[in-house]
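Protein chains: 2
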Amino acid sequence: MKDKTKKTSGPARLLIGDADTCVDIEYASGFHAVDPIVFFLHGRRRVLVVPDMEATRAQREAHRCVVYTPRALGVQRNQLRSTSSWAAALLAREKMARVSVAPTFPLATARALERKGVRVDVVDPLFPDRAIKTADEIRNIAGAQRAAVEAMRAATEMIRRAKIAGDRRLMLDRKPLTSERVRACIDETLIRLRCICELTIVAGGRQSADPHERGSGPLRAQDPIVIDIFPRHLDHGYWGDITRTLVKGAPSAELTKMYRAVKRAQHEALQRLKPGVVASGIHAGVVKRFVDLGFATGVIDGKHVGFFHGTGHGVGMEIHEAPNLGLRPTRLRAGQVVTVEPGLYYPDIGGVRIEDTVAVTPTGWKYLATCEKGMLI
Amino acid sequence: MKDKTKKTSGPARLLIGDADTCVDIEYASGFHAVDPIVFFLHGRRRVLVVPDMEATRAQREAHRCVVYTPRALGVQRNQLRSTSSWAAALLAREKMARVSVAPTFPLATARALERKGVRVDVVDPLFPDRAIKTADEIRNIAGAQRAAVEAMRAATEMIRRAKIAGDRRLMLDRKPLTSERVRACIDETLIRLRCICELTIVAGGRQSADPHERGSGPLRAQDPIVIDIFPRHLDHGYWGDITRTLVKGAPSAELTKMYRAVKRAQHEALQRLKPGVVASGIHAGVVKRFVDLGFATGVIDGKHVGFFHGTGHGVGMEIHEAPNLGLRPTRLRAGQVVTVEPGLYYPDIGGVRIEDTVAVTPTGWKYLATCEKGMLI
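Heads up: the sequence lines are chains A and B, in that order.
Read left to right, the first sequence gives residues 1 to 377 (my numbering).
Read left to right, the second sequence gives residues 1 to 377 (my numbering).
Please note that a few of the clues may not be correct.
[Claimed, not checked] Computed list of lysine-lysine pairs in DSSO-like fashion (alpha-carbon distance at most 30 Å, straight line): (1) K303/A / K95/B; (2) K116/A / K95/B; (3) K116/B / K95/A; (4) K175/A / K163/A; (5) K303/A / K366/A; (6) K373/A / K288/A.
[As the list claims (entries may be wrong)] Distance ranges between label pairs, derived from CB positions: (7) Q79/A / S252/B: 18 to 24 Å; (8) K366/A / L270/B: 53 to 59 Å; (9) N78/A / Y367/B: 48 to 54 Å; (10) G43/A / E94/B: 31 to 37 Å; (11) R98/A / D124/B: 52 to 58 Å; (12) K95/B / R331/A: 37 to 43 Å; (13) E114/A / K274/B: 37 to 43 Å; (14) V299/A / G281/B: 53 to 59 Å; (15) D348/A / R139/B: 36 to 42 Å; (16) D124/B / S252/A: 51 to 57 Å.
Keep in mind that the hints were calculated from the coordinates and are not lab data.
Keep in mind it's a predicted model, so treat the numbers as computed, not measured.
The C-beta atom is built at its ideal place from N, Cα and C for all residues, glycine as well.
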């Protein structure tokens, strides 16, 4: 993975973590850290501190970085597994008495550095440019998104082929069609395309009223089936994200009305996307559309109903990253990649969500991959 | 997933993060957090603060926890996306002026709490019992390990079926057998078993001299092929970990000697495993065995050679967790699950590593799954 930071000025930045806990390290160094490491960036100087066993790989993958091992920095033997000690030794070597860190910087390390007289400033976000994707990054996200679409089509085809039994259960190849079977088909399609999705959602009926419920058991005709696929591409680590809601057989008038409202809200939100637009305004538009169409949001019998999540989120090296299309009044910029995913959820009926991942372009937006939006199959 | 904490006394503990960045939350609450959340544990009281859209799922999955949304805690609208504000509101509600946190607790939140007069103590580890697995947890790890063994066998079979071309390249079905093809076979086997491995290693020849190099391109006869499979089970999130080193065709005398040394070192390390034994002693035994057999460790031409990683690591809800079989003099305890994975690496020859994941039992240890250890195929 290439280093994508362009700026070389500003205060020294210090990062600690592995590839999962501190995505900025891979973003800014190009190195995928299996175990926690230390990364330091000041002007043009980029330094990685990695365990002995990672030194050769780090030199090869992060070719713009100086690579140290803790031993080379003089870290004492009994401190060799303490990344706080690595950071302290590195800052002493760099003669650096002040560093900027992310809000999630580990508290114990900050305190260890402060005890040595280092001033630790929290900066949020530490890499604001990460929200603006390069052409290569957009290509990577589009690759993951195309895999998501292919998996969605495979899932749709399974449901299309199913027959409806007397009790409304869907049957395929003489066995009940379950959330688990559809999910297995999705996951196998994804892995063939070098992608994985850990928490694929295939939630039918009332289960779908809970936006993050993964779903289990037999699927039924006339019920909404929410399928949410958000794969990460194994070759480069970028994510895609798509949701469709399907119904086999004739849905109720209520469910049809919900579906139309969600589809319309998504269409309107997409039409508003362009650089300079305030993210919270797009979200407010969706909220208002639902209210205007008679879909109330609130808490009933202790359960959240209506539309109670954000309209979308940034997608990139993390599945949820900046910018958020919710309550914050940030302005969109060209090069950002976001989902647009309004939804409506009522425990007695189930849920409807339609989600696409799109790039903000200089003049508007574009799909990173297209996929049919019909509910009936 | 069940809540596995048994102790109910001690200081109040505060955790912030999602399922990837703060594994302790799922361990202690049973709730798998897709986005960052707040978890508080004091005596028998367990509280989760989750976004609106997660409230219903949290109530269902974390049935021993009280579940709040930020709104219910009175968090102001412009702070609804700030987990620091959630934590501050929760501690005010709980009338708690002092909390214990993990070393990786986010610095920005700690400072926000300190500004409100809360004392924040770092405790390492915050959940020491997590290293001692329950019978259910060992069953989960064994499930992931069996999947890893099945994938290893599928990969071995591919290499076994390959023919050797004139330039030592392995050929299968008239096409070169590459790291990528073997990895695809492994990954597809895993996903059928509801497991994923993001960074499966299939590294041949000189590539294998770098322990975390994933490997690419054609595989060759007489070269070592290091295959390291560490899957996570999608149903419960526990990991397995196995490595084998294979050679197609006759290896050099040097490579054979390396293989025997690694196999012997692993055997001896396993024989030493039992409760009460000092982890660093096991590691020192492996280091000494290699030295006695003439395999030097050090830095040659800027490259680490010999045996330059730990002998093993704990496995559970994380692929690398406590206890570490390395430099630290911690004593092993029954119920711990560890890898035992000595290796030797020389740039001109390549690498040899043999790894199994085993449970420490009251009287010794046991494999969580068994797999052949022959090098020649």
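Evaluation of the provided hints:
no. : hint                        : in the structure
1   : K303/A / K95/B              : holds (27 Å)
2   : K116/A / K95/B              : violated (33 Å)
3   : K116/B / K95/A              : violated (33 Å)
4   : K175/A / K163/A             : holds (10 Å)
5   : K303/A / K366/A             : violated (36 Å)
6   : K373/A / K288/A             : holds (22 Å)
7   : Q79/A / S252/B: 18 to 24 Å  : violated (39 Å)
8   : K366/A / L270/B: 53 to 59 Å : holds (56 Å)
9   : N78/A / Y367/B: 48 to 54 Å  : violated (32 Å)
10  : G43/A / E94/B: 31 to 37 Å   : violated (45 Å)
11  : R98/A / D124/B: 52 to 58 Å  : violated (26 Å)
12  : K95/B / R331/A: 37 to 43 Å  : holds (40 Å)
13  : E114/A / K274/B: 37 to 43 Å : holds (42 Å)
14  : V299/A / G281/B: 53 to 59 Å : holds (58 Å)
15  : D348/A / R139/B: 36 to 42 Å : holds (38 Å)
16  : D124/B / S252/A: 51 to 57 Å : holds (55 Å)
Violated hints for the displayed structure, listed by number in ascending order: 2, 3, 5, 7, 9, 10 and 11.
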